[in-house]
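Undergrad: Sequence:
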Amino acid sequence: GGDSLDATGGVGGTGGNAGALFSSGGIGGAGGSTSGSFGGAGGAGGAGGNAGALFSNGGAGGAGGFGYHGDGGAGGAGGRAGQLIGNGGAGGAGGNSTTTGGAGGVGGNAVFLGTGGNGGNGGFGPVFGHTAANGSGGPLAGVFNAVNGPAEALFGRPLIGNGANGGIGTGAAGGAGGLLFGDGGAGGSGGFGQHGGAGGAAGLFGTGGAGGAGGFVTGGGSAGAGGAGGAGGLLSGNGGTGGAGGTGA
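Each residue of the sequence shown is one higher than the last, beginning at 3 in the working numbering.
One or more hints might be untrue.
Said to hold, decoys possible - Simulated restraints on C-beta separations:
#1 T220 / L142: 14 to 24 Å
#2 P152 / Q85: 23 to 33 Å
#3 G221 / L142: 48 to 58 Å
#4 A55 / L142: 33 to 43 Å
#5 V129 / G195: 37 to 47 Å
#6 P128 / L56: 38 to 48 Å
#7 S138 / A22: 17 to 27 Å
#8 E154 / T101: 38 to 48 Å
#9 V149 / L56: 19 to 29 Å
#10 P141 / G15: 26 to 36 Å
#11 L206 / A22: 36 to 46 Å
#12 L237 / P152: 38 to 48 Å
Derived from the structure by calculation, the hints contain no laboratory data.
Beta carbons: idealized from backbone N, C-alpha and C, even for Gly.
Use the sequences and the hints to build the structure in full.
TA: Below you can see the structure in the form of structure tokens.
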């Protein structure tokens, strides 16, 4: 979405739906930011596109825009996974704000074999935004829990599952996804002037986590850089999007 000086930032576009069989849904567009003397709310991120019919992942939701003298924009919802195998898209992070951070987007649902997308972190600000719920894991979620315990004891990572998101305002990196199926967690947003965290890497099949947004500054100084997107799955999956750079408010 487009930026605005003294009004609300524009809404990001919805990611495109995937092809019939194997491709993944597109990532939702980022919401526009505000930066004028009066400011306004950041724009909402667009929803991620839905996956194809068989082997594909839902698209991640777009990040909400920065709000100056207004709330951060809400993150977009993650797209639905493929009908047979695939992970739901992660919800987009809420936009940072000088007042109240935006709400994160809800994670997309898995359908049969795969993980539900992580809910997007709330935006950073004097009042943190609400972190959204994860998507549902589908009918095999109970089976995943049974096999993950031994794998975590042996390897320190589950076989199937998403990495955890980095904390709001910490600049922490997102966790790595499961060894077999799982998306990387999103990097945490940076605090005031702090760099955003890197997104976590996916397992064999999955999408890399989005980088966290860089922290904003007020009254001079350098804003934080956005975090790098995480690596996609070794066999299949897209890399994560990089985090937006911080704003000088």
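Undergrad: Are the hints correct? Go through all of them and say.
TA: Hint check results:
1. About 48 Å separates the C-beta atoms of T220 and L142, a value inconsistent with the hinted range of 14 to 24 Å.
2. Under the hint 23 to 33 Å, the C-beta atoms of P152 and Q85, about 29 Å apart, fit the expected range.
3. In this structure, G221 and L142 meet the distance hint of 48 to 58 Å, their C-beta atoms being roughly 52 Å apart.
4. Between A55 and L142 the beta carbons are some 18 Å apart, a value that contradicts the proposed interval 33 to 43 Å.
5. With their beta carbons about 19 Å apart, V129 and G195 fall outside the hinted range of 37 to 47 Å.
6. A beta carbon spacing of about 46 Å between P128 and L56 agrees with the range 38 to 48 Å that was offered as a hint.
7. A hinted range of 17 to 27 Å holds for the C-beta pair S138 and A22, which are about 24 Å apart.
8. Taken as a hint, the range 38 to 48 Å holds for the pair E154 and T101, whose Cβ atoms sit roughly 40 Å apart.
9. Roughly 23 Å separates the CB atoms of V149 and L56, a value that falls within the hinted 19 to 29 Å.
10. Distance hint check for P141 and G15: the Cβ-Cβ separation is about 32 Å, which falls inside the suggested range of 26 to 36 Å.
11. Our hint of 36 to 46 Å for L206 and A22 is violated, since their Cβ atoms are close to 23 Å apart.
12. The given range of 38 to 48 Å is broken by L237 and P152, whose C-beta atoms sit roughly 22 Å from each other.
Comparing the model with each numbered hint stated earlier shows that hints 1, 4, 5, 11 and 12 do not hold.
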